[in-house]
Amino acid sequence: MSVLRPLHTGWTVRAATGAPAGGPFPATVPGCVHTDLLAAGAIPDPFLDDNEERLHWIGRTAWEYSTVFAGIAGDRVDLVAEGLDTVATVTLNGVELGRTANQHRGYRFDVTGVLRPDGNELTVRFDSAYDYAERVRDTLGARPNAYPEPFQYIRKMACNFGWDWGPTVVTAGIWQPIGLYAWSTARLARVRPVVTVEGTTGRVEVLVDLERTAGAPVLLRAAVGGVEAAVEVPAGATEASVVLEVPDAELWWPRGYGPARLYDLRVELGDEVWSRRIGFRTVELDTAADADGSQFVLRVNGEPVFVRGVNWIPDDAFVTRIGRERYAERIDQAVAAGVNYLRVWGGGRYESEDFYEVADERGLLVGQDFPFACSAYPEEEPLASEVAAEAREQVVRLMPHPSLVMWVGNNENIWGFHDWGWPAELEGRTWGEGYYLRVLPAIVHELDPTRPYWPGSPYSGDASIHPNDPAHGTMHIWDVWNTHDYRHYADYRPRFVAEFGFQAPPAFATLRRAVSDEPLTPQSPGVAHHQKAIGGNEKLARGLEGHFPAPATFDGWHWATQLNQARAIAFGIEHFRSLKPLCTGAIVWQLNDNWPVTSWSAIDGDGRRKPLWFALRRVYSERLVTIQPRDGAPAIVAVNDTPHPWRTTVEVRRLAFDGSPRAKLTLAVDVPGGGAATVPLPPELTTPESPASELLVADADGERALWFFAEDVDLAYPRAALDVQVAASPDGVDVRVTAHALARDVTLFPDRVDPAATVDRALLTLLPGESATFHVRGTAVADPAVWSAAPVLRTANDLVA
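If you're matching positions, the sequence shown starts at 364 in the working numbering and goes up one per residue.
Careful: at least some of the hints might be erroneous.
[Said to hold, decoys possible] Pairs of lysine to any residue residues, derived as SDA-like cross-links and limited to a Cα-Cα distance of at most 20 angstroms, are as follows:
no., residue 1, residue 2
1, Lys1027, Thr1128
2, Lys1027, Leu1069
3, Lys1027, Val1076
4, Lys1027, Pro888
Simulated from the structure, these hints should not be mistaken for laboratory data. Note that this is a predicted model, so its numbers are computed, not measured.
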């Protein structure tokens, strides 16, 4: 007999120490104190203006959650708390059940002798995470950190304490499901499916740990793909296994390579059922040495996969507000942009079942960082045992998911030790190396031997090699954003880029919702508060230099910086992809935001797509034609990420800005599956008569690549002469734009018309006489005058001509 009863109703929360808002207030479980206070009207929205600054007291306060509930009968009854955030004391009917200090773990308390038939009083007190972390710091000694917050001294989401894109909102609360579980004889304490493929046979070895109240024999059953097996677990035994072999198993493939086939795996012990969906696939990481250093090739089912990736951060600073629907929306936005890989960054969390199930279904690949980021982490108690315990729990929880293809030990900590002056500050103290090179790889090897483990991002594969060496392993490129023009990306020949990024503000409607400044300017208080990067606006301005004139208005700044972000990242990706097979992956920082902010994201904190998203959709196409410099002149590079050969015809034209032809050539290009081909161009195409007023246009299979012979500031752009026609459609309007002169990067911003409106395309360059139709959803406004001028309709010409 087993019965699960959730305990998610009837909760209240109150401040257990002095606070501006004491309560009690109604509480949502799962949830957190910030969202409870917000729902009660006790605090302003921390995402608006600079409200965040006046709410830091919440993280310095102790909070007590309480509820009363009826009992449940059973030979054994456990209180199961899947996640407590973070420094918790759990008390039932006046009896302390236990204390916790790890957001990344679940807890189970035997309450059999404490539970009453009715009127049970449960309280969970959360002491200040700051107080706990600072005590650990004072005991173990301070260690270097990228930010002045103590997040490395507590096992809690680091970005709760703020980041260069996120607010400081140090949460507390029952953030995962909690409930009573009654059972007898034996229960499934841990189920670990080791999924492999042998030839055409899918194999699942189901390894089970049991907890018992009685020594009687029990029957363990498992089924997958129409195959069933059972084994009797002898009296008193607490471990068992059963093997299932599925003949002619259909493989789970990443998107672009085949269907993401999933199978239902069911494990039963008496009336207790554990079920997950699994996929049969193999994954390998090939880091063999070669003439250029050492490679970093991800192979799935034996096929090398070029990683077209994005970095993923928690999609809301209050993660309990993210449900399956929102995960699906955000992941589908990634898929629609051509992304095949999500890197779950190490300053957040081990992502949820919803996240991984959606990734499984979509055929996305996922790399999961262990949650360590940008600081030196102590390896002593009380943290050492917590790290090992959370890793063991989370590796087992996530191992059924075929989308998960790599475990990564940390974000930037090995790099930090080498380049950020840590050794002098540490004076011999531990900094996390033992976790990344010994503890975590041993746990992954023991529990999840089918997946590769990589010690860090970045990491070069050997302690004797600089961890951010472009010739080995993975690297991060941040000098471009911090100090260099984005054309510096072309100076790199990396094997795999795991982080690189460029900032831009969010959509106008997102910024306007979050900031009440009048007028809006890049330096106005609310806009400045929603820029968390040190010197961020100055770097945005520096990034425009040499590309666009300094904008004179806020609207000009907003458009120029968003366009420059898209240009910078597209430039980098096209360069990296053109190096194939030397380079085998690019992961953009970052896909998403956790609040409305100026950041490196492609999708802003309100879920709106920035121009960068549309640029990604083009340059992350499975088949890409790009124009790249080779031997001092532009050349055609065709990149094929599909497993099938690609034969295409490329029409290359050199045109004057007025559309008059200068030279033309048609090329037949053959690209093998998974390969790239470079085709030099003759001088009549690559040598302009007037570099300021000519361009190369390469058209292939409905896609277009462009090459301008100078930067925007030096181009003789005509003023964009555009005709706009608007027609109603069933779900919005169609805006048809016709160019009478060259119009570069034509983009509509429908949120300027209606915050609910979206558009299907952006950044289109129209030659004289060409037209394009933009489908706008979510608005019925059909007046052509509304859609015909800035700030709704923009071009690069606007910024220069």
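Hint by hint, which ones does this structure get wrong, listed from lowest number up?
3 and 4
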